[in-house]
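Enquirer: As given, the protein sequences belong to chains W and H, one line each in that order.
For what it's worth, our numbering labels the leading residue of the first sequence as 1, then goes sequentially.
For what it's worth, our numbering labels the leading residue of the second sequence as 1, then goes sequentially.
Since the hints were made in silico from the structure, they are not lab data.
It is possible that part of the hints are untrue.
[Unchecked claim] Cβ pair distances, simulated, as ranges: (1) W:Leu157 <-> H:Gly255: 30 to 36 Å; (2) H:Gly243 <-> W:Lys41: 51 to 57 Å; (3) H:Pro186 <-> W:Asp386: 45 to 51 Å; (4) W:Asn189 <-> H:Gly255: 56 to 62 Å; (5) H:Gly259 <-> W:Asp295: 37 to 43 Å; (6) W:Gly108 <-> H:Pro155: 17 to 23 Å; (7) H:Glu10 <-> W:Arg146: 55 to 61 Å; (8) W:Thr166 <-> H:Ser254: 31 to 37 Å; (9) H:Asp83 <-> W:Asn189: 43 to 49 Å; (10) W:Glu269 <-> H:Pro186: 37 to 43 Å; (11) H:Glu137 <-> W:Thr153: 54 to 60 Å.
[Claimed, not checked] Here are the simulated lysine-lysine pairs, DSSO-like style, with alpha carbons at most 30 Å apart: (12) H:Lys115 <-> H:Lys14; (13) W:Lys227 <-> W:Lys55; (14) W:Lys35 <-> H:Lys12; (15) W:Lys35 <-> H:Lys115; (16) H:Lys12 <-> H:Lys246; (17) H:Lys115 <-> H:Lys80.
For every residue, glycine included, the Cβ atom is placed at its ideal position computed from N, Cα and C.
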Amino acid sequence: MAARPVMPDELGHFGIFGGRYVSETLMPAILQLEKAYLEIKDDPEFTKELEYYLKEYVGRPTPLYFAERMTKDLGGAKIYLKREDLAHTGAHKINNTIGQALLASRMGKKRVIAETGAGQHGVATATVAALLDMECEIFMGLEDTRRQALNVTRMKLLGATVREVTQGTQTLKDAMNEAMRDWITNVRNTFYIIGSVAGPHPYPMMVRDFQSVIGREAREQILEKEKRLPDLLIACVGGGSNAMGLFYPFLGDETVKMTGVEAAGSGIESGHHAATLSSGTVGVLHGSKTYLLQDENGQVLGTHSIAPGLDYPGVGPEHSYLSDMGRVSYKNVTDSEALEGFKYLSQVEGIIPALESAHAVAYTRKAAPGMPRDSVIIICLSGRGDKDINAVSDILVKGLKQ
Amino acid sequence: MSRIADKFKELKKKNRIALVNYVTAGDPSPELTADLVLKLVDSGADIIELGVPFSDPMADGPAIQLASERALKKGTTLGKVLDIVKRIREKSEVPIIMFGYYNPFFKYGLERFSKDAADAGADGVLVVDLPPEEAGEFKVHLDGAGLDLIFLLAPTSTGERISLVTKNASGFVYLVSVTGITGVRPDMDFSLEDLTSEIRHSTKLPVGVGFGISSPEQVSRIAGYADAVIVGSAIVRIIEKHGENKEELFDELSGFVSGLSRACGIKGERSLSRADR
């Protein structure tokens, strides 16, 4: 395996991206968090505790499932699904929340907060807060509380307070603004569990490390099943945590190509989308320098995607770096393609994917047929689609929003 | 010497602290901001913080969030804020600090901005989400253009942070009074004497206290230990109340700011010891 560059540097930079763009009030907390994380990162006792919960509570390792009917139907590469939808709470998000909550608990923090878009990260945070007996508050855009009502109920059942965010576009970006404001105010007793590989250093690194369990398992599993490395990895990218988790352990494997799939919403040319790496420019939001959907005056643009978890104008800084390096290629699929992918996987494999993950499925339908039959694709099936059933049945009746 | 340093020197002779007033540029409208600022100066404001509106003001409470939204709806860009600075500078020598979030400055171009801001007549810049660790490049260009880069310190700041920030700061040091976001806090007691004197051990720069301040009593309390007091959200709320109703807006602002200004005098022992410094 080729040596891979150590990223980020000690100030949290991935090339020109990343860093710590936060107000001074938060700097001491972020430095303290970085120190605490670096201490536990390679601490055998912490690792043992984390592994215990990942196995016994989350249900890891998740299967790497050979999607035989899909493979036959598309007639090209062999397709494997990394089944993060089978993890406890129904998505990959819990890999990270369990790690951060254990860290919070070591740091003596009694209260955790989180932002959420699709509600999966909110549910995963509320879950670990219940598990570890912590007070929990979740920030969610009003628009998202409507389209992901099931997850709002789940969070409340788990004992969390859900704060509806009515500012701005009322989606993930504004939920994150509001969570940051809460953190600035309650930083002394509160741990902010960021759900993506975004935010100020050390979050992009820390979330990547916790999510890397996806790629580590997938690498081992594919070597066992196919006796070889995959040719292509495919994952959806909003902030990009499931993609980073799958990709990271393969970055040194030069033969393994990787594609991140962003949300093209109603189409890139329509302006209603969330495809940051396809059409964004470099800027600073939520604590890090990264590609951003913004206007020529540096104001952050509203985004649109059928998948609330992808409905975000930024992207994790390491993705920006990998994109500029050319190591990962970033494509996009529209709402209607994603919706087709949602139905397709349900009917061909009996697996209802989250709308976010359906973007990866939709892209695979384009990529796989042109690949040789002995080639191998791994899709990160980042979450299950139960949360989307109501929204999708609405859309099937009323049609897509243009 | 910069207008900011001159102003602090002048006020010291008068035994007063500086009254710094914040307004979001472009609220209620880009056309009205310059006149509004001149009105604040007439009423007793010593230094102006001109807010550059941003779509995602993460360190601001509801008052300034809404002001930002109103200003953006009126088409306020960083270029237009520079025009406003120019218009103020034609009529007044009041020190002007441009206050905002990093992205609009970054997008404008740090070198180009520094030059244009100096040409327009600005004196300093304060970027809420730009700690010294990330400020290197901007600082080089601002230094080159002769502009101050003002940094924040907070109640959470450790000794290490205080020495790093003061080493990089120019103009003055902005001490955030609360662990929190901007917004009026009528019941705050502002006991920041210890933190202020800790900061004074690391720097000779003036120390200003801001966030939450809205009454002459609070200003008077802060005049007991700091060099400047910053009042923002309370002014923004008056603007929100009257909108473009210029006469009523200017009347209320004028009364409010002169009340704060009257509380900026330094009394008692501190005034005596200060005269010797």
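Enquirer: Please flag the earlier hints that this structure goes against, numbers listed from lowest up.
Expert: 1, 4, 10, 11, 12, 14, 15 and 16
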